[in-house]
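Here is what each chain is made of, one letter per residue.
2 protein chains.
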Amino acid sequence: MGNGDIKLNNRDRAVLMKTPFMHGLTGNSLVKMLSAMSVETVSARDLIVREGQRAEAFYCVLNGYVRLYRLSRDGRDADIRISAPGDTFGECMLYADRKYPFFAQAAETCTLVRFDLQTVKDLAEEDPGISRAVMTTLSRHLISTMDCVANDRLFTAPQRVANYILSRCPVDGGPAAIRLPFQKSLLAGMLGLAPEALSRAFSSLRKTGVTVRGRIIQVVDVQALREI
Amino acid sequence: MGNGDIKLNNRDRAVLMKTPFMHGLTGNSLVKMLSAMSVETVSARDLIVREGQRAEAFYCVLNGYVRLYRLSRDGRDADIRISAPGDTFGECMLYADRKYPFFAQAAETCTLVRFDLQTVKDLAEEDPGISRAVMTTLSRHLISTMDCVANDRLFTAPQRVANYILSRCPVDGGPAAIRLPFQKSLLAGMLGLAPEALSRAFSSLRKTGVTVRGRIIQVVDVQALREI
DNA sequence: CGATAAATTGATAACAATCAATACTGGTGG
DNA sequence: CCACCAGTATTGATTGTTATCAATTTATCG
Numbered sequence: 001m002g003n004g005d006i007k008l009n010n011r012d013r014a015v016l017m018k019t020p021f022m023h024g025l026t027g028n029s030l031v032k033m034l035s036a037m038s039v040e041t042v043s044a045r046d047l048i049v050r051e052g053q054r055a056e057a058f059y060c061v062l063n064g065y066v067r068l069y070r071l072s073r074d075g076r077d078a079d080i081r082i083s084a085p086g087d088t089f090g091e092c093m094l095y096a097d098r099k100y101p102f103f104a105q106a107a108e109t110c111t112l113v114r115f116d117l118q119t120v121k122d123l124a125e126e127d128p129g130i131s132r133a134v135m136t137t138l139s140r141h142l143i144s145t146m147d148c149v150a151n152d153r154l155f156t157a158p159q160r161v162a163n164y165i166l167s168r169c170p171v172d173g174g175p176a177a178i179r180l181p182f183q184k185s186l187l188a189g190m191l192g193l194a195p196e197a198l199s200r201a202f203s204s205l206r207k208t209g210v211t212v213r214g215r216i217i218q219v220v221d222v223q224a225l226r227e228i
Numbered sequence: 001m002g003n004g005d006i007k008l009n010n011r012d013r014a015v016l017m018k019t020p021f022m023h024g025l026t027g028n029s030l031v032k033m034l035s036a037m038s039v040e041t042v043s044a045r046d047l048i049v050r051e052g053q054r055a056e057a058f059y060c061v062l063n064g065y066v067r068l069y070r071l072s073r074d075g076r077d078a079d080i081r082i083s084a085p086g087d088t089f090g091e092c093m094l095y096a097d098r099k100y101p102f103f104a105q106a107a108e109t110c111t112l113v114r115f116d117l118q119t120v121k122d123l124a125e126e127d128p129g130i131s132r133a134v135m136t137t138l139s140r141h142l143i144s145t146m147d148c149v150a151n152d153r154l155f156t157a158p159q160r161v162a163n164y165i166l167s168r169c170p171v172d173g174g175p176a177a178i179r180l181p182f183q184k185s186l187l188a189g190m191l192g193l194a195p196e197a198l199s200r201a202f203s204s205l206r207k208t209g210v211t212v213r214g215r216i217i218q219v220v221d222v223q224a225l226r227e228i
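Here the protein sequences line up with chains A and B, keeping their order. One point on numbering: in UniProt numbering, the residue at position 205 of the first sequence is 205, and numbering is uninterrupted. One point on numbering: in UniProt numbering, the residue at position 120 of the second sequence is 120, and numbering is uninterrupted.
Honestly, the hints are just simulated from the structure, not real lab data. Mixed in with the good hints, there may be bad ones.
[Said to hold, decoys possible] Here are the computed distance ranges between Cβ atoms for each label pair:
#1 B:G24 x A:M17: 51 to 61 angstroms
#2 B:P170 x A:D221: 35 to 45 angstroms
#3 B:R179 x A:G214: 53 to 63 angstroms
#4 A:E125 x B:E51: 49 to 59 angstroms
#5 B:E125 x A:S144: 23 to 33 angstroms
[Unchecked claim] According to the in silico footprint, chain B covers these stretches of chain A (three or more CB under 8 angstroms from chain B):
#6 93 to 106
#7 131 to 138
Every residue, glycine too, gets a C-beta built ideally from N, C-alpha and C.
Kindly generate the complete structure, drawing on both the sequences and the hints.
What follows is the structure, given as structure tokens:
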């Protein structure tokens with residue numbers, strides 16, 4: 001873990017300011033918010049948060065990807081969410097249990113902003129702008145987590161992979177290419193699959209015009225993929 | 001659907017006032033909140049909310065159970081959450097998309113309170129107590145939905161059923177008995193199972209001391225069930 | 001270029017969905 | 001109070017899907 005200096009490069013600062021959290025804060029609230037923050041750098045595989053640990057902070061990812069997961073007693077793990085740059089995690093602890101309900105692990109070297117829970121909670125009390133940011137973030141997370149449940153329950157592995165590809169395709173039809181922003185094993189966990197199942201899903205999508213080479217995914221016809 | 005009168009019997013009123021939503025509101029906020037409310041009665045199988053419909057309200061269940069679910073294109077459905085008396089649903093629309101991301105259907109005859117989204121949103125702007133209630137509710141829903149993802153991904157059908165039983169057992173050890181508050185088919189959907197799979201899970205739990213007769217579930221040794 | 005991690009592929013087994021048939025239940029009206 | 005009916009639940013047989021294990025192949029990074 002790094003120190004608590006607030007030294008951000010331009011890109012990280014831009015990511016932070018675009019979050020619903022910091023975006024649109026009034027001058028005074030912004031200053032207060034900044035005082036509740038610190039910056040941390042973590043290495044690949046570092047644990048940021050442990051399940052059962054008393055929650056004292058939530059985090060915003062500036063750079064890299066963070067894996068939220070739970071463990072079963074026999075040691076298997078299941079991803080609950082992947083936090084990308086601009087995402088926050090742990091903000092659900094502001095008004096709930098005091099113990100984290102998941103582990104958070106850096107999937108690669110990450111830059112994070114750490115927010116002190118109590119301070120932000122106090123700030124939200126005075127500043128509706130901060131409350132609004134918290135509610136917006138919580139709402140989006142809730143909806144995307146509900147989407148996750150529905151996807152797991154309704155769709156097979158190839159369908160979930162197709163959905164993922166489509167969600168990142170910039171175009172509505174015709175050919176497209178995207179680049180995975182992380183390792184395939186991370187995508188597998190995100191979709192609730194074993195890495196082998198992701199591999200097989202990709203190869204079963206070949207007949208639908210999906211070609212995978214490394215992190216590059218090419219789609220012959222986006223519209224055709226949507227029919228899956 | 002019923003009319004909008006605010007006529008509640010004592011039990012319904014007690015349920016409403018115990019929600020994090022109404023609980024602890026100051027006199028003035030409470031009055032305002034009441035003005036944003038109306039009461040509805042719906043029959044079994046009535047749709048309360050349709051996916052894709054423009055969201056103008058969220059709801060609090062006073063009586064009965066409501067099933068939130070999504071449909072796939074080929075007509076299969078998957079439950080996302082079961083809302084019990086005291087639960088709200090749709091409050092995630094306060095600060096997010098304007099279209100409901102799920103269907104909501106009464107599993108039986110239900111009494112609901114309908115809250116106008118825009119009015120509550122305006123109220124939250126002025127009253128931190130209301131914001132706090134929204135954040136508390138959103139946080140709890142987010143955490144329970146993350147639990148759902150983790151349960152689906154980590155546990156088999158018998159384990160999920162055992163978890164459910166344990167979560168409703170009043171005691172920590174020894175024998176216990178609980179009564180299902182709804183039909184088994186609803187429990188099946190809640191656990192992400194087909195009704196047949198729930199049946200089979202129950203019978204596979206017999207050797208662990210679980211007996212099911214109608215809606216009554218008896219457990220010989222709660223501690224033993226926990227080992228599953 | 002070599003060491004190490006990641007990804008793929010094949011074989012197998014576990015799990016749960018589906019379909020079909022039967023049993024059970026609760027509520028209704030006679 | 002009983003018999004009936006419709007909705008609910010159980011059981012069996014089968015199929016589809018994905019996890020798991022094992023063996024390669026391919027990438028990645030020093």
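Could you check the structure against the hints above and give me the numbers of any it violates, in ascending order?
1, 2, 4
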